[in-house]
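Participant: Here the protein sequences line up with chains Z and H, keeping their order. To convert, take the position in the first sequence, counting from 1, and add 10; that gives our numbering. To convert, take the position in the second sequence, counting from 1, and add 218; that gives our numbering.
Please note that the accuracy of each hint is not assured.
Unchecked claim - For the chain Z half of the interface with chain H, some residues (derived, Cβ under 7 Å), not all of them:
#1 Ser91
#2 Val99
#3 Arg115
What the hints assert, rightly or not - Quick list of simulated restraints, FRET-style, between CB atoms:
#4 Arg115/Z x Leu318/H: 50 to 60 Å
#5 Ser160/Z x Thr221/H: 54 to 64 Å
#6 Asn130/Z x Gly376/H: 46 to 56 Å
#7 Leu434/H x Arg115/Z: 47 to 57 Å
#8 Thr158/Z x Ile467/H: 30 to 40 Å
#9 Tyr36/Z x Leu493/H: 44 to 54 Å
#10 Gly376/H x Pro146/Z: 42 to 52 Å
#11 Pro114/Z x Ala327/H: 19 to 29 Å
#12 Ser206/Z x Thr380/H: 28 to 38 Å
As the list claims (entries may be wrong) - Here are a few chain H residues that face chain Z, going by a calculated C-beta distance under 7 Å:
#13 Val364
#14 Leu382
#15 Arg384
#16 Arg451
FYI, nobody ran anything at the bench for these hints, they're computed from the structure. As the structure is a prediction and not an experimental result, all values here were calculated from the model. By construction, the Cβ of each residue, glycine as well, lies at the ideal position given by its N, Cα and C atoms.
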Amino acid sequence: MTAATSVDPGSSKSGGLVATGLVAGYHQTPVLRSVDVSVDAGEIVCVLGANGAGKSTLARALAGLLAVREGTIELDGCMLSDLPVSERVMAGVSLVPEGRALFPRLRVKENLMLGAFRRNRGGLSAAMTEVLDLFPVLAPRLNQVAGTLSGGEQQMVAIARALMARPTYLVLDEPSLGLAPIIIERILVKVRELASSGMGIILIEQNASLALAISDRAVVIERGVVVMSGDAATIRDDGDVVRAYFGGLGRVTTTTHSNN
Amino acid sequence: MFTDFLQFTAGGLTSGAIYGLLALGWVLVMRVSGLLFFLQGEFVVVGVFVIVTLQDHGASIAVAAVGAIAACVVGALAVDGLVIRRLRSATPMSEVLVLLGLALLAGHALQQIAGPNARGVKPFLPTKPVSIFGAFVTPHQIAAVVVTAVATAAVWFGVTRTSLGRAMQACADNPEGAVLVGIRPVRLRTLGFVGAALIGGVAAVVLGPLAAMTPLGGLLWSLKGFIAAVLARWSFMGAVAAGIFLGLIESYGAGYISSVYKDVISLSMLVVVLLLQGAVSRDSIVQRLRTRRMSLR
Chain Z
11 MTAATSVDPG
21 SSKSGGLVAT
31 GLVAGYHQTP
41 VLRSVDVSVD
51 AGEIVCVLGA
61 NGAGKSTLAR
71 ALAGLLAVRE
81 GTIELDGCML
91 SDLPVSERVM
101 AGVSLVPEGR
111 ALFPRLRVKE
121 NLMLGAFRRN
131 RGGLSAAMTE
141 VLDLFPVLAP
151 RLNQVAGTLS
161 GGEQQMVAIA
171 RALMARPTYL
181 VLDEPSLGLA
191 PIIIERILVK
201 VRELASSGMG
211 IILIEQNASL
221 ALAISDRAVV
231 IERGVVVMSG
241 DAATIRDDGD
251 VVRAYFGGLG
261 RVTTTTHSNN
Chain H
219 MFTDFLQFTA
229 GGLTSGAIYG
239 LLALGWVLVM
249 RVSGLLFFLQ
259 GEFVVVGVFV
269 IVTLQDHGAS
279 IAVAAVGAIA
289 ACVVGALAVD
299 GLVIRRLRSA
309 TPMSEVLVLL
319 GLALLAGHAL
329 QQIAGPNARG
339 VKPFLPTKPV
349 SIFGAFVTPH
359 QIAAVVVTAV
369 ATAAVWFGVT
379 RTSLGRAMQA
389 CADNPEGAVL
399 VGIRPVRLRT
409 LGFVGAALIG
419 GVAAVVLGPL
429 AAMTPLGGLL
439 WSLKGFIAAV
449 LARWSFMGAV
459 AAGIFLGLIE
469 SYGAGYISSV
479 YKDVISLSML
489 VVVLLLQGAV
499 SRDSIVQRLR
509 TRRMSLR
């Protein structure tokens, strides 16, 4: 973990996964209006924000599922913005999407093997061993059809599948969605382990308290722009910020208006 | 009486094998791209005419077969590269209509070049029928069944035992997940087209000596494969079984009722099956591919 990370995510450093001035969206009006996010090796940066703030759009843009209209995405100084998903995967950036996008009718083993689709066959069994070391729960489930696993196990398969590509940077979009708190914690511990081993992680979360607890830095998005970024601990301890953006940090967060 | 039944069964198995072969091509393309591949039968017709032309010029069947299969593959690459790939913002429906239009175009172009007459491949195996359990079948009929069996085994192996086959299954199962692991559906579509072309070319070789072809006959062959694929709900192994089932039903219908009804039987079966499937299931593979494919280019 690097302690001396720049607070300004748009600063001109050459390393890491750096998105600058991203504008992206689906129709005429962009969802992301100008977003700067960066993550260094071994670091967890969480992206917080309400529903519809543009978090998943950011994830899709970083992975290449969605074209960037303006701005750049760089990986260790190399431009990624114009590359298709497959080449970003090969370059070392993988996305675990919201909803997981598993292959529900294929076995867990096949899901994992497909994760290594872009890698040569040689590293396959080594990668498989590593991934099963991280998620030993999956070892007895390898021949089970993925769609029949529990939600937590499916999330583990989703992360494991992304890891099979041996990424250097991982984007996790709402890994906690629909899971019991104890499972979420178990998964986030693994995410922390990955960062400790040198992987850079962008963690997109609605559950701010959990995300801030394991992140080094945090970025808050509101209506497609970054409204705040900085040290995760600082943001966590700043009562005003917490009230303004998350309406309190309790695990059971009650929203004042209807969830949409 | 019973020998009639055996004879109809033998005939049904032969045409059913060809239907199954064509259905394999339909399923292959549907699974990788979600497209209805109306060109499947055109490959057979074009293949047959290539073989016939080469035979007219004195080529051996081996050379002619290779030429036909090569022509089919080149045609598939041309359709993919020159047409489908350019339809960037097309809806699935317009892509299907383009394929249907191309099928008609191919047939009429062939008619302009080769004339409207039906042609058949010169037999390249002995033509003397052999008796199997009292039914008389020609070596060419046996070849059609054997080749279908071999092609089915090859497709099965390719789809379930290779990395590309797994990628194809992934595309059908969750297109977005497939893109995220680095699969490029566009490449797989090209591969699916080439696979379908190979199947069409092989079908031309085994079918050519059994049935004369008119340049405009491709669409009906396409439809037979389509019906079998729909019957099988777009499963690979089911497609072959459904093809054979279709061939047998047609053969019995033609034998016991009247050969006039051969195509009527299979086409009305399509209507019934589509009605039933529409009522039973909304989660067909077609639906899944249709609804989720477009944003994933």
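Participant: Take the hints in turn and mark each one as holding or not.
Facilitator: Checked hints:
no. : hint                            : in the structure
1   : Ser91                           : violated, 17 Å
2   : Val99                           : holds, 4 Å
3   : Arg115                          : holds, 5 Å
4   : Arg115/Z x Leu318/H: 50 to 60 Å : violated, 30 Å
5   : Ser160/Z x Thr221/H: 54 to 64 Å : holds, 60 Å
6   : Asn130/Z x Gly376/H: 46 to 56 Å : violated, 20 Å
7   : Leu434/H x Arg115/Z: 47 to 57 Å : violated, 39 Å
8   : Thr158/Z x Ile467/H: 30 to 40 Å : holds, 37 Å
9   : Tyr36/Z x Leu493/H: 44 to 54 Å  : violated, 36 Å
10  : Gly376/H x Pro146/Z: 42 to 52 Å : violated, 33 Å
11  : Pro114/Z x Ala327/H: 19 to 29 Å : violated, 44 Å
12  : Ser206/Z x Thr380/H: 28 to 38 Å : holds, 37 Å
13  : Val364                          : violated, 31 Å
14  : Leu382                          : violated, 9 Å
15  : Arg384                          : holds, 6 Å
16  : Arg451                          : violated, 13 Å
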